[in-house]
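Participant: Line by line, the protein sequences give chains H and G. Just so you know, we're using this note's numbering here: the first sequence kicks off at 345 and counts up by one. Just so you know, we're using this note's numbering here: the second sequence kicks off at 4 and counts up by one.
By construction, these hints were calculated from the structure, which means they are not laboratory data. Incorrect hints may have been included.
Said to hold, decoys possible - With beta-carbon atoms standing in for the labels, derived distance ranges: (1) R518/H with G124/G: 22 to 30 Å; (2) Y80/G with G676/H: 33 to 41 Å; (3) A147/G with E623/H: 36 to 44 Å; (4) P7/G with S614/H: 50 to 58 Å.
Here a beta-carbon is modelled for each residue, glycine too, at the ideal position from N, C-alpha and C.
One letter stands for each residue in the lines below.
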Amino acid sequence: MTFELETADHPENLKRVVIEPVTRVEGHGKVTLLLDEDNRIHQARFHIVEFRGFEKFIQGRPYTEVPVLVQRLCGICPVSHHLAASKAMDMIIGATLTPSADKLRRLMHFGQILQSHALHFFYLASPDLLFGFDSDPATRNIVGVAAAYPEIARQGVALRKYGQEVIRLTAGKRIHGTGAIPGGVNKNLSVAERDFLLKDIEQIIAWSQGAVDLIRKVYCERPEFHNGFGYFRSSFMSLVRPDGALDFYHGGLRARDEHGQDIFDHLDYSNYWDYVHEEVKPWSYMKFPFIRSRGREEGWYRVGPLARVNNCDFIPTPLAEAERRVFTEFDGGSATQATLAFHWTRMIEMLHCAEGIQELLHDDDLLGDDLISKGERALRGVGVIEAPRGTLIHHYRINEDEQIVRANLIVSTTHNNQAMNEAVRQVALQYLDGNSLTEGLLNHIEVAIRAFDPCLSCATHAVGKMPLEVELIDAEGKEIDRMVRNASGACGV
Amino acid sequence: MIAPLLIFAYGNPSRGDDALGPMLLEQLEALNLPGVELLTDFQLQVEHAIDLKGREQVLFVDASVSCLPPFTLSRLYPEKDRSFTSHAMSPAAVLQAYQELYGEAPPTWLLAVHGESFELGDPLSAAAQNNLGQAFALVQTLCASHQAWDQFIMPATQNT
């Protein structure tokens, strides 16, 4: 965990390679590579260039509105924000959820993670993995996958759609759902709705198992390459159940260092700021969280599928647990710190979601009518869940008029901020050298970032898509090279 | 039974004029139009291709900063653009995905309603409010028309 390149003694003497925006991630990101006088990579930064405005937007709103309003923060994982905010509001009204409410929310959350992981793997990651990082960008996309592997593409769409149906039936609507409310949920599942979801779940499990088989096969065909791509070691943080099991919806915080040793375990997240601090850096609007006890230099960590699968003691569904064991034991555990192993673990999690949905659909608590609870009122609430991309923290304070006076959100992409910089730096060290800018080389950096599935419109408020632009700028600010990837995927100068 | 006409409006209701599509849909809901299904989402994704199955016609509605005010109506065709590499697809890319996965897509149009301000928490701008009224009138006409919509195409069509 060294930062000799990120903290170059004299960055003013370095040249810069700027890559913006990064394709196949959400929002507007920019990568700057600082070159030394010998055109060697010397410093790497993954920038966020726009402000986040949501925490201001929410101030003054009644706390009861928050679980619905936060869904407008992000069009990618609105349900994750919906549930994290609902958990925070549970704390504010002092509620302990009924079994029916708890399970209905868990079902909704499984649906969200399943559809998000399916989108990421089949539509954003699989083109790279199936065609290779240096392949023609004109075919390295989902249309190319649909042409070459039509059944895989159809399964991806169907998996995504199934997850959306789970959300629709638990949240009440396709979007802007109101299923979770402070203290519980406002609807149960009818017998007809349960049976509708049960009808296809065996197929969904089979396709999810197929996706794990696919990524395992692809990964293991070139283990040294996939293990070594953008490789670095780090700590991991995630929620775990009291018995150490993987749990996306609730649990205590566990952090383990790069050697697998506990930094903390089963922490009550309602005082998360005692353990995690957010550092501000002058060149980025996105904060850099770190574990206080490890300090700024050593305290950064990764969250998300790789963190969760590494941190948990077991996965509480049989097929996913079997795959977890295969993953952790593969080649003596060599994949457990690999950047591209995010894809492998993401599919193991998708399989767990499918199994978890099936298990819940056979639980009659989903049909129950005892949906709301409340208790002693508090002025502060913290909700933490494991969103598709990793740990998501919502923290609110209200006043006596029940209005939000302060909000702090730490989203998964922010947790992974330093780790993404490290991945970029490692890939740059491996593949970029001075003025040798090529489409393939640039895509290697994007592949590393995509492994984290960053959602920058959530971490900031970026809107829209732009073509890829690459600049090579020397220490005096003079542009010495430039590359633009236009909307058709072609590169030009 | 699948409604023959799908009107799919997308945008974030909390981002100023990006709410144009969802707000237009809200107004249409009050009309309870027969044979019309109304769907909305924040942005387009690949699974929305499934929503097009079995339709006779499809109309996408989106806010746009680049179209001429008050709106443009254009015929859409499948197109392989770079939105495939994003979390948000263009409507033409959704048609392309449909074509790759399921065959020929139904006749599809895009109604782009001009917007100006897209900041988080902003209300609809005055100009967008006016554009919304005119777009609503057009959609009512389209829904009542038994002829091809090509006659209603506005001359200037640009990407949203």
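Participant: Could you check the hint for me, namely that A147/G and E623/H are 36 to 44 Å apart, CB to CB?
Facilitator: Given a distance of about 60 Å, which is not inside 36 to 44 Å, the answer is violated.
Participant: Go ahead and decide if the range 33 to 41 Å is satisfied by the Cβ distance of Y80/G to G676/H.
Facilitator: Taking Cβ atoms as reference, Y80/G and G676/H lie about 53 Å apart, which means the hint is violated.
Participant: Assuming the hint says 22 to 30 Å, is it satisfied by the Cβ distance from R518/H to G124/G or not?
Facilitator: Holds - the Cβ-Cβ distance for R518/H and G124/G, about 23 Å, lies within 22 to 30 Å.
Participant: Are P7/G and S614/H spaced within 50 to 58 Å by their CB atoms?
Facilitator: holds, 53 Å
Violated hints, listed in ascending order, are 2 and 3; each of the other numbered hints is respected by the structure.
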